[in-house]
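Keeping the supplied structure of chain H fixed, place chain V upon it in accordance with the hints.
Chains as they are written, first to last, in the working numbering: chain H, 1 to 396; chain V, 1 to 154.
Quick caveat, the hints were computed from the structure, so don't treat them as lab data. Check each hint, because a few of them may be wrong.
[Said to hold, decoys possible] Pairs of lysine to any residue residues, derived as SDA-like cross-links and limited to a Cα-Cα distance of at most 25 Å, are as follows:
1) H:Lys116 x V:Val119
2) V:Lys61 x H:Pro247
3) V:Lys61 x H:Ala69
4) V:Lys61 x H:Lys116
5) H:Lys320 x V:Val80
6) H:Lys116 x V:Gly42
7) H:Lys17 x V:Ser30
8) H:Lys320 x V:Pro118
9) V:Lys61 x H:Ala261
10) H:Lys116 x V:Pro118
11) H:Lys269 x V:Val119
12) H:Lys116 x H:Lys269
Keep in mind it's a predicted model, so treat the numbers as computed, not measured.
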Amino acid sequence: MTGDVAVLGAGMHPWGKWGRGFVTYGQAAARAALDDAGIGWPEVGSVVGAQTVRGGYPGYVAGATFARALGWQGARVTSVYAACASGAQAINTARAQILAGMADVVLVVGADAAPKGFFAPAGGERRDDPDWLRFRVLGATNPAYFGLYARRRMALYGDTPEDFALVKVKNAAAGAMNANARYRKPVTAEEVAASAVVADPLRLLDICATSDGGAALVLSSVEFARRRGVADPVRIRAVSTVTPTFPRTVLDLPDIGTDSAVAVEPSPKSFRSSIARAAYEEAGIGPEDLSLAEVYDLSTALELEWYEDIGLCGAGEGAKLVREGATALGGRIPVNVSGGLASFGEAVPAQAIAQVCELTWQLRGRAGERQVPGARVGITANQGLFGHGSAVVAVR
Amino acid sequence: MPHTRIPVVAGWFTEDTAEEEFRLLGTRCSGCRSVHFPREDGHCRNPGCPGGELEEVPLSKRGTVWSCTDGRYRPPPPYVSDPGVPWVPYTLVAVELAAERMVVLGQAAPGVGVDDLPVGSVVEVVPGVLDEDRAAGTVHTTWNWRPVAAGALS
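The shape of chain H in the complex, shown without the other chains (with noise of 0.2 Å):
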């Protein structure tokens, strides 16, 4: 087991289609979270920024680039990427920074200005890019992954197209709820159903958009919460940033081919499953600790594998726990109650610290409408392109 940090405060720039640069998303999320602690930006030893690659130059040096928009006062800097995980990352920093003594207080910044539509790989002819060439040689994109694994699940495990609807049902009902989310009307399975074929067997309205949006957290030893007033902090107990073992035996984006299994048997447990189990046994906590999830649903169908990937159910099962409601707000162990990807869309370096940003809310008791009662501990789950794990535990 590692030590505590504290969440001291949390914030955001509310995601949508702004026509803005990442910049001022992610300066309006750091002021936020900044306000949220009482911190002043001054008395910040360091800053971590969760790069975007869709910024150009400052995209690459996102770190720095949010310190100088919030006007440069000398702190320690870093930038970090890690794709969809980049946030986890940038946590995961900030965390070791802390405990390491190298700062009391921390800012992790990300934010992203995505493109519509599909995401694309970076310009120019890059052969020895895997991600270029799924593109150039299959035309792969991510929905195109998301429809494999969930035809996979409808052959293994008998899921439906009826059951993935009923994701998005329960995501946008909480979804309708959150302030920071994009998409803020309820969604019914005929409207899943009515929307447009991606990716067979997934529709438009069962695939995650792309956004614009910024999340912020400010993180600090206990110690210095506790000088603050702060007596009963929310604190991340665990982050979890796994890689795959070989042979890893299910294809990830952005892979042509998985690797081979002729050699060493695979492991029985999923690359997936292996992110939550790290953080369950650095935390020391077991998923009937949970009092709620924030899963990174790409998709529907990826939501229930996520259920299963998080102890939250057996292998096969995610499909009932949704049909029986125990994920929904009131349920038995409520999943993204902030909405999740369905209703937030993804603003890639900006989402895993939003997860975070729920959490925390959640933990403090401050989530009003969408507030699981009681709730005590909580666990984030996301994935980054390649092989990049993620996974936070937060506890009050």
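Chain V in isolation, oriented as in the chain H frame:
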């Protein structure tokens, strides 16, 4: 019209072979027998392998469907397609190869839809055309997966 045939990626599949002989090309480690596709020509990626020679090896001609989907919307570049021509969806299929114990993606042959590819059904790899530049007189070749009527693995 004569066409110059250019593999979309050199060295990933056989060229100038009859359809029956067409194969994907990977590499196999002489130390641990792990197969890599796309080919790995540097070092074996099995962390427990002391390291062997990576030799080119044809992959199995036939495999079984792990899963499939389709692309109803035009993918962004670098996928090559003519925006002036209405988009024709294609099918993408992940195929499990028993001998190599791995899964390989590919486009299905033209006209093959997801309903033709139930999970577990047998498919075989055949040569295909990915895109065509009429002005330059070139086509980019690729591999396609096609259902096997008899359904036998070998």
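Run through the hints listed earlier and report the numbers of any the structure violates, in increasing order. 1, 3, 4, 5, 6, 7, 10, 12
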